[in-house]
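A.B. asks: Here the sequence shown is numbered in our numbering, starting from 66 and rising by one per residue.
Keep in mind that a hint or two might mislead.
[What the hints assert, rightly or not] With a straight-line cut-off of 25 Å between C-alpha atoms, the simulated DSS-like cross-links for lysine-lysine are:
1. Lys-312 - Lys-299
2. Lys-111 - Lys-240
3. Lys-312 - Lys-159
4. Lys-359 - Lys-240
5. Lys-322 - Lys-312
6. Lys-183 - Lys-220
7. Lys-240 - Lys-229
8. Lys-299 - Lys-232
9. Lys-246 - Lys-220
10. Lys-232 - Lys-251
11. Lys-343 - Lys-307
12. Lys-312 - Lys-341
13. Lys-360 - Lys-220
14. Lys-307 - Lys-166
15. Lys-259 - Lys-246
16. Lys-360 - Lys-307
17. Lys-111 - Lys-159
18. Lys-312 - Lys-166
19. Lys-362 - Lys-329
20. Lys-240 - Lys-251
21. Lys-343 - Lys-220
22. Lys-153 - Lys-183
23. Lys-232 - Lys-220
24. Lys-111 - Lys-360
25. Lys-299 - Lys-322
26. Lys-111 - Lys-229
27. Lys-299 - Lys-240
28. Lys-229 - Lys-299
29. Lys-312 - Lys-329
30. Lys-362 - Lys-343
31. Lys-153 - Lys-166
32. Lys-246 - Lys-322
33. Lys-232 - Lys-360
Don't read these hints as lab results, they were simulated from the structure.
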Amino acid sequence: MSQTPFPLDHSQAQLLLSRVTELLHDYPLESSVALAATSLGAYAFKHLITPSQYPNIDGPPSSSFAFGNLYDIYSGQAVAFHDGLQDKYGSVSKVKGMFGKENLFVSDPRFLHEVLVKGVDTTFRHPNFAYDITRISFGPGLLSSTGDLHKAQRKMLNPVFTAKHMKSLTPIFDKIAQLMKHSIIKEIGNMPGKEVDMLQWCGAAALELIGQAGLGHTFGVLEGVDSEYSRAVKEYLPALFKVMPLKAFFPLFHNLKPTALQRKLADWAPMPYVRKMKAAIDVQDQQAQIILEKKKKDLNDGPATAGEESHDIMSILPGT
């Protein structure tokens with residue numbers, strides 16, 4: 066079968082890409098608005114003329130012509146909306162996405178097990194957006210890979226999640242728990258009735274647990290260190306939730322080449338939460354590179370320099 070030839074040769078395509086890049090650089094706001102408007106119009110038209118996929122399933126009315134029920138689902142006060150769906154419509158209901166796109170909201174445990182565990186790589190493949198946004202945020206790791214690559218990574222991690230190895234981490238967990246206790250006591254001081262933000266302390270303890278047990282690195286947040294990484298972790302999810310209603314446009318930007326252009330578009334985005342999300346990703350990536358290089362040096366130097374046998378995941382994986 067003959068293929069339709071591409072209308073532009075290589076030099077013309079390069080010239081067009083250069084011109085588009087110049088326009089985006091010189092007129093970032095106007096170009097972003099024009100691109101968004103064109104994409105928005107095409108997306109809206111497609112879903113407005115598409116017949117209902119689930120005509121026999123009930124659901125709440127759309128809260129917004131443009132965003133459907135997305136803000137109800139992903140807002141900070143979404144728990145009441147989720148409970149209302151369960152109470153009124155049962156374990157399966159129909160909710161609206163952008164411009165009327167229909168989605169199923171499912172809370173049945175057996176069905177969720179089929180989707181999330183049994184058929185995750187076959188019948189119920191997760192949306193590409195979930196994998197793609199995780200991949201650009203954290204790289205091609207366990208949460209962003211599928212199929213054989215995902216199985217290989219899980220197999221590689223199996224030795225560090227055995228009962229024997231988890232028991233070896235008990236001293237680390239105990240040390241961090243004690244440090245958290247002493248830090249809270251220090252904050253309370255001689256004011257027994259003082260309110261303590263336990264969410265903040267639990268978040269700091271969780272970060273230290275991941276850092277020391279997983280990476281062999283301490284962030285010092287329980288000792289009062291102002292960690293840029295800790296702030297980036299806290300800012301990432303709120304920024305991601307604000308980006309979620311715009312996920313229909315994500316494939317347009319994710320597939321752009323070269324990848325450096327994607328980063329520039331994120332820098333020029335008129336939405337502040339897009340720029341904040343990119344900044345959080347950059348901080349996490351820089352910290353990961355620092356930790357990785359330090360861990361490589363420690364492993365190359367051997368136990369004499371490291372001081373004692375390490376039980377963190379980063380030290381165990383090279384021997385698996």
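A.B. asks: Could you run down the list of hints and mark each one as holding or not?
C.D. replies: Hints, verified against the model:
no., hint, in the structure
1, Lys-312 - Lys-299, "holds, 21 Å"
2, Lys-111 - Lys-240, "violated, 57 Å"
3, Lys-312 - Lys-159, "holds, 19 Å"
4, Lys-359 - Lys-240, "holds, 22 Å"
5, Lys-322 - Lys-312, "holds, 19 Å"
6, Lys-183 - Lys-220, "holds, 17 Å"
7, Lys-240 - Lys-229, "holds, 19 Å"
8, Lys-299 - Lys-232, "violated, 29 Å"
9, Lys-246 - Lys-220, "violated, 36 Å"
10, Lys-232 - Lys-251, "violated, 30 Å"
11, Lys-343 - Lys-307, "holds, 13 Å"
12, Lys-312 - Lys-341, "holds, 16 Å"
13, Lys-360 - Lys-220, "holds, 22 Å"
14, Lys-307 - Lys-166, "holds, 19 Å"
15, Lys-259 - Lys-246, "holds, 15 Å"
16, Lys-360 - Lys-307, "violated, 35 Å"
17, Lys-111 - Lys-159, "holds, 19 Å"
18, Lys-312 - Lys-166, "holds, 13 Å"
19, Lys-362 - Lys-329, "violated, 33 Å"
20, Lys-240 - Lys-251, "holds, 16 Å"
21, Lys-343 - Lys-220, "violated, 31 Å"
22, Lys-153 - Lys-183, "violated, 29 Å"
23, Lys-232 - Lys-220, "holds, 20 Å"
24, Lys-111 - Lys-360, "violated, 51 Å"
25, Lys-299 - Lys-322, "violated, 30 Å"
26, Lys-111 - Lys-229, "violated, 55 Å"
27, Lys-299 - Lys-240, "holds, 24 Å"
28, Lys-229 - Lys-299, "violated, 32 Å"
29, Lys-312 - Lys-329, "holds, 18 Å"
30, Lys-362 - Lys-343, "violated, 29 Å"
31, Lys-153 - Lys-166, "holds, 21 Å"
32, Lys-246 - Lys-322, "violated, 50 Å"
33, Lys-232 - Lys-360, "holds, 22 Å"
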